[in-house]
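So the sequence lines, in the order shown, correspond to chains A and B. Be aware that the first sequence starts at 1, since it is given in the working numbering, and climbs by one per residue. Be aware that the second sequence starts at 1, since it is given in the working numbering, and climbs by one per residue.
Please note: incorrect hints may appear among the correct ones.
[To be verified] Facing chain B, according to a computed beta carbon distance under 7 Å, are these residues of chain A, among others:
1. MET1
2. ASN3
3. TYR6
4. GLY32
5. THR33
6. SER102
7. SER175
8. ILE178
9. LEU179
[Said to hold, decoys possible] Derived EDC-like pairs (lysine to aspartate or glutamate); straight-line CA-CA distance at most 16 Å:
10. A:LYS10 / B:GLU69
11. B:LYS71 / A:GLU54
12. B:LYS142 / B:GLU152
13. A:LYS8 / B:ASP33
14. B:LYS116 / B:GLU87
15. B:LYS56 / A:ASP79
The hints are simulated quantities; they were obtained by calculation from the structure and are not laboratory data. For clarity, every value in this text was computed on a predicted model and none was experimentally measured. Just so you know, even glycine gets a beta-carbon here, dropped at the ideal spot from N, CA and C.
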Amino acid sequence: MKNFQYFKPKSLKEASEILSKHKGKAHILNGGTDLIIRMRDRIIEPEVVVDIKEIDELNSIHLNKHGELIIGACVNLNDIAHNKIVDENYDFLSKAAHMVGSSQVRNRATMVGNICNASPLADTATPLLALDAKVLVYGAEGKKEISIHDFFIWVRKTCLKIGEIVIGIKIPSYSNDILGDFQKISRRKMVDLSTVCGTVLKNGDDIRIALGAVSPTPIRLRKTEGFIKGKELTEEVIKKALEVAVSEISPIDDIRASKEYRINMTKVIIKRGLKKIRQKNLALAEG
Amino acid sequence: MKYKINFNLNNEEIEHYIDPNRTLLNMIREDFDLTGAKEGCGAGECGACTVLLDGKPVNACLVLAIEVEGKDILTVEGLSPGNKLDELQISFIENAALQCGYCTPGMVMTAKALLKENNNPTEEEVKEALSGNLCRCTGYKKIIKAVMDIVEKGKH
Numbered sequence: 001m002k003n004f005q006y007f008k009p010k011s012l013k014e015a016s017e018i019l020s021k022h023k024g025k026a027h028i029l030n031g032g033t034d035l036i037i038r039m040r041d042r043i044i045e046p047e048v049v050v051d052i053k054e055i056d057e058l059n060s061i062h063l064n065k066h067g068e069l070i071i072g073a074c075v076n077l078n079d080i081a082h083n084k085i086v087d088e089n090y091d092f093l094s095k096a097a098h099m100v101g102s103s104q105v106r107n108r109a110t111m112v113g114n115i116c117n118a119s120p121l122a123d124t125a126t127p128l129l130a131l132d133a134k135v136l137v138y139g140a141e142g143k144k145e146i147s148i149h150d151f152f153i154w155v156r157k158t159c160l161k162i163g164e165i166v167i168g169i170k171i172p173s174y175s176n177d178i179l180g181d182f183q184k185i186s187r188r189k190m191v192d193l194s195t196v197c198g199t200v201l202k203n204g205d206d207i208r209i210a211l212g213a214v215s216p217t218p219i220r221l222r223k224t225e226g227f228i229k230g231k232e233l234t235e236e237v238i239k240k241a242l243e244v245a246v247s248e249i250s251p252i253d254d255i256r257a258s259k260e261y262r263i264n265m266t267k268v269i270i271k272r273g274l275k276k277i278r279q280k281n282l283a284l285a286e287g
Numbered sequence: 001m002k003y004k005i006n007f008n009l010n011n012e013e014i015e016h017y018i019d020p021n022r023t024l025l026n027m028i029r030e031d032f033d034l035t036g037a038k039e040g041c042g043a044g045e046c047g048a049c050t051v052l053l054d055g056k057p058v059n060a061c062l063v064l065a066i067e068v069e070g071k072d073i074l075t076v077e078g079l080s081p082g083n084k085l086d087e088l089q090i091s092f093i094e095n096a097a098l099q100c101g102y103c104t105p106g107m108v109m110t111a112k113a114l115l116k117e118n119n120n121p122t123e124e125e126v127k128e129a130l131s132g133n134l135c136r137c138t139g140y141k142k143i144i145k146a147v148m149d150i151v152e153k154g155k156h
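Next up, chain A with everything else stripped away, as it sits in the complex (with noise of 0.2 Å):
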């Protein structure tokens, strides 16, 4: 590894300041599980590396007087996975973040570093693409939200810029009660990468479905879900939806599937997921 100036700063001004005076040769750290081996392997060579852990508000998850709900960057995937007010409301992201590496990775790496990656792949993406989740920046000009839907731009390219630092993710608050599926497809069932990874989520009347592992970058299957909108699922419904879903998707073939896989592998957690949506479904008809 190459040897680097390291900074700690304590606040996120400071953070940003160095991050710009030293524009694209610095780097920041956060739970590093990434960023070390990279940088062990000299694929990049950060000369000025900004650890951006001892900044306090990047350390906390919890509700906001709107009731959103707040992952600070630096929060580990162990302590998301293990939080109360995300498992009770949102237990596939729990889930997907309990999928991502082994225990010990999860003490390390954090969910803003996962989708800061942006790996097409991501675990933690696909449930917060179908949450409409926000992404919290700050930088030169302040603080701004980008919607996840805007912020991964290609394979391992997000939109941001230099100087710029993820401070949070926000999830916004639902009137609904959130039914939600995450599924991970891989070789192996724990400590893996996903061959494809999804959720399938329901709020309301409304089914949403993002996928990861079969496009550049974590999808919404925009089509399938318009497609869907307002019909039973029936078998012949959900059968259709997943010609469209295939549609939408541009699997490639790689070291862990072909792209035929990907392609039954997508419709398998479409499936699935939109049969437990029908399930709840006919359970509340049932009440």
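Using the hints provided, position chain B relative to the given structure of chain A.
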């Protein structure tokens, strides 16, 4: 440039000077001769380098040494007070839960962290906790039994 860090290593207060590009694993092995934690994959897959950072298991290969400023590090060498082995170490020996021993310190530390958090885990929970620790010779049955034996003993 070396940076000064202060931390607690196996219940000893340490002041140390370190280059920022060194990992925690590299520092404990090279500077403190604590060679229990091993480098296996160097990528957070195998768990051979597991140590406890403020009581939680982490991969020491994925932590920079400079990040442990103000923190507590426990390695397998610090597990037993004096010359007496920890009950988990004894259980690993009694169950022959090792062959080459490369993964053992990591296994023991991960299991220790689990038992500290949950003194009555199910076998499933033990398997899950150890899922980030790979063993390439013994197989896992004896390792899981070594941990479950402690759980069983704790019940009496």
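| message | Hint validation: A:GLY32 versus chain B, beta carbon distance must be below 7 Å. Holds or violated? | response | OK, holds: A:GLY32 within 7 Å of chain B, min 6 Å.
| Does the structure keep B:LYS142 and B:GLU152 at a Cα separation of 16 Å or less? | It holds: about 15 Å lies between the C-alpha atoms, which stays within 16 Å.
| Should the hint that A:LEU179 touches chain B count as held when the rule is a Cβ pair under 7 Å? | With a closest approach of 25 Å, the A:LEU179 hint is violated.
| query | Should the hint that A:MET1 touches chain B count as held when the rule is a Cβ pair under 7 Å? | reply | Since chain B brings a Cβ to about 4 Å from A:MET1, closer than 7 Å, the hint holds.
| query | Taking the least C-beta to C-beta distance, is A:ASN3 closer than 7 Å to chain B? | reply | holds (4 Å)
| query | With 7 Å as the cut and Cβ atoms as the points, is A:SER102 at the interface with chain B? | reply | holds (2 Å)
| field | When the least beta-carbon distance from A:SER175 to chain B is tested against 7 Å, hint result | value | violated (35 Å)
| said: Given the hinted pair B:LYS116 and B:GLU87, is their Cα-Cα distance within 16 Å? | reply: Roughly 13 Å between the alpha carbons, so the hint for B:LYS116 and B:GLU87 holds.
| task | Compare the distance between the alpha carbons of B:LYS56 and A:ASP79 with 16 Å, and conclude whether the hinted pair is satisfied. | result | Status holds; Cα separation ~11 Å.
| request: Mind checking the alpha carbons of A:LYS10 and B:GLU69 for me, to see if they're no more than 16 Å apart? | output: Given that 16 Å is the threshold and the Cα spacing comes to 14 Å, the pair holds.
| query | Holds or violated: is there a CB of chain B closer than 7 Å to the CB of A:THR33? | reply | holds (5 Å)
| query | Should the interface hint for A:TYR6 be scored as holding, given a Cβ-Cβ cut-off of 7 Å against chain B? | reply | holds (4 Å)
The structure is inconsistent with the numbered hints 7, 8, 9, 13, although it conforms to all the rest.
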